[in-house]
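2 protein chains.
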Amino acid sequence: MKIITISREFGSGGRELGKRLADELGIPCYDHEIIEMIAKENGFDERYVANVSEKSIEAAYPLTIGHRFAMPPLQIMDQPIRVAAAQRQIIENFAKQSDCVIVGRCADVILEDMKPLNLFVYADMPSRLQRCKDRAPEGENLTDTELMRMIRQIDKQRLQHHQMYSDMKWGAKEAYHLCVNTSGKEIKSLIPALAAYVRAWFEA
Amino acid sequence: MKIITISREFGSGGRELGKRLADELGIPCYDHEIIEMIAKENGFDERYVANVSEKSIEAAYPLTIGHRFAMPPLQIMDQPIRVAAAQRQIIENFAKQSDCVIVGRCADVILEDMKPLNLFVYADMPSRLQRCKDRAPEGENLTDTELMRMIRQIDKQRLQHHQMYSDMKWGAKEAYHLCVNTSGKEIKSLIPALAAYVRAWFEA
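Sequences listed follow chains A and B, in order. If you use the working numbering, the first sequence corresponds to residues 11 to 214, in order. If you use the working numbering, the second sequence corresponds to residues 11 to 214, in order.
Isolated chain A, as found in the complex (with noise of 0.2 Å):
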């Protein structure tokens, strides 16, 4: 069983990276298709799940009361321990069906026994703002500092999600096999060498 996970900094094309390598690879991509079936089997809102699904428990709550859902307190603090626990019952599923690259999630820690390829990818600060504003929504004009902020505060909830799985620092190179740095380069060209990577370390 080939399983390739990616992880990503914020900005850095990561998801971009394991979509075009899925698609070099001839296997399928799962990223907010999880999201999707963790909300439609939990009867949760999309937005919700996809801001609690790479947040700690902790930063998770909040949110949840910041949506207004009126329920007591008990069950709030229910809600992001079951869409972890959805999480990984979907994740281990769709890795236990064939080969594939799972995007985020903490797929890395939560397949550890499956020996998954576990890639990072990151970029610095100019490379990250750029790739933010090429897709940028219609309208929205944030300004560097604005989206630094951003970028800095979802890529410190992702190492805070990771905490909750794993006792390795999300993003510390140890934890994964491969980093990819993407500053300044067009994904596309690297693919075609990455899924080789991919097919040679499986093999190694």
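Rather than coming from a laboratory, the hints here were simulated on the basis of the structure. A quick note: this is a predicted structure, and the numbers were derived from the prediction, not measured. Errors might be hidden in some of the hints.
One copy or two, it doesn't matter: identical chains are merged, so the pair holds either way.
In silico lysine-lysine, DSSO-like type, Cα no more than 27 Å apart, as pairs [what the hints assert, rightly or not]:
(1) K29 to K143
(2) K12 to K143
(3) K183 to K125
(4) K195 to K183
(5) K125 to K179
(6) K125 to K143
(7) K183 to K12
(8) K125 to K195
(9) K106 to K143
(10) K166 to K183
(11) K198 to K12
(12) K195 to K166
(13) K106 to K179
(14) K183 to K50
(15) K106 to K195
(16) K29 to K195
Place chain B on chain A using the hints.
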């Protein structure tokens, strides 16, 4: 100009990877050659240069004294600086001559202006121990604890040496374009894909 620098944890196979990658790309690899040239041009002992060339100036002193150079203090202090200057000059000359792979010796920092591809090679401790044992000279019978101490000590020296040249921390992924974890893998089998990645990276 395609310059590839290899930084590596001790025992990770970085030197082997550098040599094989250079062979695959059909370009020269400079490693021990740098030490030989410094030694020859400056009338130093090769072992002395090897010791000094990847250590911090501070760490190099006791060794100099340990080797009983009969010199006044000022000249002793002067030597590691002369080695560092010679090293810089030789590395720059190699890089200007042709595409090449350069292993260690802060070539990533020294050649920054030439926009090299900086590779970092690392591995987990069990793999590094095994590699050290496989390559130990006849009659060397260090225990695992002794080997681990040596591995950590050498990496610490590389880190300190790097600090003389750069604000970037040795081994921090941000300083490299690709970080390759060789744990449990035969390096030879990863080379064609790595060479493809190098070619793509310079064209991307």
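Verification of the hints:
no. : hint         : in the structure
1   : K29 to K143  : within (20 Å within a copy, 41 Å between copies)
2   : K12 to K143  : neither (34 Å within a copy, 31 Å between copies)
3   : K183 to K125 : both (17 Å within a copy, 23 Å between copies)
4   : K195 to K183 : both (20 Å within a copy, 16 Å between copies)
5   : K125 to K179 : within (18 Å within a copy, 30 Å between copies)
6   : K125 to K143 : between (36 Å within a copy, 26 Å between copies)
7   : K183 to K12  : both (21 Å within a copy, 25 Å between copies)
8   : K125 to K195 : between (29 Å within a copy, 13 Å between copies)
9   : K106 to K143 : neither (37 Å within a copy, 37 Å between copies)
10  : K166 to K183 : both (16 Å within a copy, 17 Å between copies)
11  : K198 to K12  : both (21 Å within a copy, 20 Å between copies)
12  : K195 to K166 : within (24 Å within a copy, 32 Å between copies)
13  : K106 to K179 : within (26 Å within a copy, 39 Å between copies)
14  : K183 to K50  : neither (35 Å within a copy, 38 Å between copies)
15  : K106 to K195 : between (33 Å within a copy, 24 Å between copies)
16  : K29 to K195  : both (17 Å within a copy, 26 Å between copies)
Checked against the numbered hints above, the structure violates hints 2, 9, 14; every other hint is satisfied.
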